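J.: Under my numbering, read the sequence shown as residues 97 to 369, first letter to last.
The set of hints was computed from the structure by calculation and includes no laboratory data.
DMTMM-like mimics (lysine to aspartate or glutamate), calculated; alpha carbons at most 25 Å apart, straight line:
#1 K126 / E175
#2 K139 / E175
#3 K258 / E358
#4 K152 / D137
#5 K152 / D118
#6 K258 / E244
#7 K126 / E164
#8 K152 / E122
#9 K139 / D177
#10 K152 / E175
#11 K126 / D137
#12 K139 / E160
#13 K258 / D339
#14 K152 / E164
#15 K152 / E234
#16 K139 / E273
#17 K139 / D217
#18 K258 / E234
#19 K152 / E168
#20 K126 / E160
#21 K126 / E234
#22 K139 / E279
#23 K152 / D177
All figures in this text were calculated on a predicted structure; none of them were measured in a lab.
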Amino acid sequence: MTVPTSAAEIDALFATATALADAAREETLKLFRSPGGLAADNKLAGGFDPVTAADKATERRLREILAERRPEDGIFGEEYDNRTGTSGLTWVLDPIDGTRGYMSGTPTWGVLIGLCEELPDGPGRPLMGIVDQPYVGERFIGGFGRAEMTGPMGRTALATRKTRALDQATLFSTFPEVGTPEEGAAFARLSQQVRLTRYGMDCYAYALIALGQIDLVVEAGLHPYDVDGPIAVIEAAGGIVTDWQGGPAWRGGRVLAAANAEIHAAAMAVLNG
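Assemble the whole structure, with the sequences as input and the hints as a guide.
T.: Written out as structure tokens, the structure is:
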């Protein structure tokens with residue numbers, strides 16, 4: 097494929113991404129903090145991986161917009177079957193990242209939109225991404241030389257933190273278990289060496305790296321729709337996102353997001369024992 101390079105092509109892609117994020121805000125807020133709570137189906141036989149009517153309605157709305165505006169592009173979404181495109185580009189959609197938080201009324205879930213190169217076996221390198229938090233009105237966007245946040249305080253450029261020692265770092269993960277017992281043990285080693293560890297922020301933690309507020313996010317068991325949008329935003333802001341061995345993290349799995357190459361290397365060394 098040919099990566100879009102002209103200003104007109106890039107502007108059109110940003111316009112589509114913005115239309116998707118705007119529509120997702122409208123759909124997700126319809127049911128957020130519903131009186132009496134929101135019903136959910138469980139996608140796991142062992143454990144709890146919820147999906148709500150809001151997840152499904154939002155992804156359907158996003159697919160309708162793409163069918164109208166970008167019918168030649170592929171779609172890789174969480175809730176419905178993937179669609180192969182003809183343009184060499186794929187939109188990677190997570191209509192609600194952090195459904196557990198959404199169900200609980202916390203404002204730390206988000207909408208993830210990624211634009212990636214399309215490979216024969218799925219999404220490839222992220223080119224552009226959005227992390228959007230509809231309830232607080234914050235939108236983080238990165239790609240094609242652009243990295244910014246818009247929100248209640250206006251517009252600000254995104255830039256990750258400068259180098260600091262590992263023992264001064266702030267580390268986030270969604271779940272204290274961090275995957276398998278082996279993965280949890282590796283995370284525990286890293287947690288013991290940083291200054292502060294926090295949990296439960298879902299995609300919002302990745303946005304905080306891009307905003308220069310924290311240093312590291314470490315997770316395991318992810319899917320492309322969990323991370324492709326955030327990868328583009330963090331990289332545009334100057335950070336780095338890989339798997340735990342330093343390879344591409346586009347397909348999910350074990351993910352290490354860092355504010356800069358130095359703290360990434362230090363964290364990766366600890367994770368690998």
